[in-house]
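2 protein chains.
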Amino acid sequence: MIFEEAQKEEEFVDQRQRAAVWQPEQAVSIEGEGRTPRKRRAILAAATEVFLQHGYMGASMDEVAAKAGVSKQTVYKQFENKERLFAEIVLGTSDQLLDGLVQAYAETLDEATDAREALRALARRFLDSLTTGSVLQLRRLVIAEADRFPEVCGSWFTSGFERSLVALGEALTRMTERGLLRELSDPTLAAYQFAGLVMYKPMNRAMFAGTAAGPVPGELDKLADQATEVFLAAYGLEGSAS
Amino acid sequence: MIFEEAQKEEEFVDQRQRAAVWQPEQAVSIEGEGRTPRKRRAILAAATEVFLQHGYMGASMDEVAAKAGVSKQTVYKQFENKERLFAEIVLGTSDQLLDGLVQAYAETLDEATDAREALRALARRFLDSLTTGSVLQLRRLVIAEADRFPEVCGSWFTSGFERSLVALGEALTRMTERGLLRELSDPTLAAYQFAGLVMYKPMNRAMFAGTAAGPVPGELDKLADQATEVFLAAYGLEGSAS
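Read top to bottom, the protein sequences are chains U and Z.
With our numbering, the residue at position 27 of the first sequence is 50, and numbering never jumps.
With our numbering, the residue at position 145 of the second sequence is 168, and numbering never jumps.
Heads up, a few of these hints could be off.
[Said to hold, decoys possible] Think about it this way: if two alpha-carbon atoms lie no more than 25 Å apart in a straight line, the pair counts; the simulated SDA-like pairs of lysine to any residue are:
id, chain 1, residue 1, chain 2, residue 2
1, U, Lys245, Z, Val175
2, U, Lys245, Z, Arg58
3, Z, Lys90, Z, Leu114
4, Z, Lys95, Z, Val175
5, U, Lys62, U, Ser157
6, U, Lys245, U, Glu261
7, Z, Lys245, U, Ser157
8, Z, Lys95, Z, Met80
9, U, Lys245, Z, Ala190
10, Z, Lys245, U, Glu252
11, U, Lys105, Z, Asp170
12, U, Lys245, Z, Lys95
Calculated from the structure, these hints are not laboratory results.
Because the structure is a prediction, the values reported are computed rather than measured.
Given these sequences and hints, build the entire structure.
This is the structure:
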């Protein structure tokens, strides 16, 4: 019994890692094999880890340098200052998050023939991929610093978060065109509504109560199923779901 | 035209201030008129302002003391350390937020005879009261520090945020009993779904893009109306909304 529980938990964690739309290693995306790119990559990887763990104010450039195996002077030479390093890391993640989500829409919605099954699969994908520790830490970092760096964080929102919802609205519109959903008067708003139905409960808990307060295995199916039913009651072709 | 716009904006801001479920001044709720309570009150008021503005790491005890008009020693004598002061402020707000929201449910839902009108009014109340600058700053502060202080922030979530959604579920159940909504198999989840439908879009923008990126006047009615339609399609008695 205990073994089964542990195995279930392990499979759960394993599955969520596979489903992740973003991993901290991805934050580093510099081409080339020269010595400078290698150093920059090492610094960005180290800084991502330090910022995610300690936040902006708590991050120390000494720790970044030590983790990257370079001198502090090298860090400053490559990235000017802490703010610049923060901007590079945060902005570097928005495209990656967007790509991961667009791929999720393609895999769950674009080939679907059954709206309920497709939306449930996407809801599970949201829950599995957006509540991993590193995505939650990234989200927490951006929120914490949004008033100190409204331009960087606003740009992260616009080019990552917001665009991912616009893309979801487009995927929902394609479902309408394939006869799977009703006409959507505002596809982006419908996308936000779907995401809100799925994520509002587990995301607020993880944000307010801490990254360790992620969703529990048994809860995910229910969240996904119930969100899908409400969405289909409004936008499905059956008229109303029970 | 410009004057009208400005007047409209002013009315909008004014209305949102009236609707606020929480104001920073409320964080201070010590009874009595002795010298020590008066000092504690001044320190808590000053600390609330400093923490909301600069976050935990950026808050300076010197600034708190100066704003409160007391010595730094007095601050430490009354509150031991920065962490303790943070805990007092954060935990002090959760009851107040809960009370404000429970009152909003009573005023919008409990006397209602029309489900659509009642839910629209509550949605507007959510949008007006939860996206004011000080509520957004408080939310940002708790999220930023949740991994550093999971006990304090977890307790804020459980005794404030989560309880306000349980209370909304109870108010929705009373609407079911009065023949205004269908039977709800999980009233708290239905409450989260309603809040998610209303708040997911404006709250994420304000959290990620900064407190200044609050909702725009013209957007609020649409957000409230569309959220209500989706919720009623699933839980209303009409079967389905258009």
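Cross-check of the supplied hints:
1. Between lysine 245 (chain U) and valine 175 (chain Z) the CA atoms are separated by roughly 29 Å; this puts the pair beyond 25 Å, and the hint is violated.
2. Restraint check: the Cα-Cα separation between lysine 245 (chain U) and arginine 58 (chain Z) comes to about 54 Å, which exceeds 25 Å; the hinted pair is violated.
3. This hinted pair checks out: lysine 90 (chain Z) and leucine 114 (chain Z) have alpha carbons roughly 21 Å apart, not beyond 25 Å.
4. For the hint linking lysine 95 (chain Z) to valine 175 (chain Z), the alpha-carbon distance of about 24 Å falls within 25 Å, and the restraint holds.
5. A distance of roughly 23 Å separates the Cα atoms of lysine 62 (chain U) and serine 157 (chain U); the hinted pair therefore holds under the 25 Å criterion.
6. Among the hinted pairs, lysine 245 (chain U) with glutamate 261 (chain U) is consistent with the structure: their alpha-carbon atoms are about 21 Å apart, no more than 25 Å.
7. Only pairs whose Cα atoms come within 25 Å are accepted, and lysine 245 (chain Z) paired with serine 157 (chain U) is rejected, the gap being roughly 34 Å.
8. As the CA atoms of lysine 95 (chain Z) and methionine 80 (chain Z) are separated by approximately 17 Å, the hinted pair is consistent with the 25 Å bound.
9. Pair hint lysine 245 (chain U) plus alanine 190 (chain Z) holds up; C-alpha atoms about 21 Å apart against a cutoff of 25 Å.
10. Of the supplied pair hints, the one linking lysine 245 (chain Z) and glutamate 252 (chain U) holds, its CA atoms being roughly 22 Å apart against a limit of 25 Å.
11. For a cut-off of 25 Å, the pair hint linking lysine 105 (chain U) to aspartate 170 (chain Z) stands: about 22 Å separates their Cα positions.
12. Proximity of lysine 245 (chain U) to lysine 95 (chain Z) is assessed by CA-CA distance (about 51 Å); at most 25 Å being required, the pair is judged violated.
Hint violations for this structure: numbers 1, 2, 7, 12, all remaining hints satisfied.
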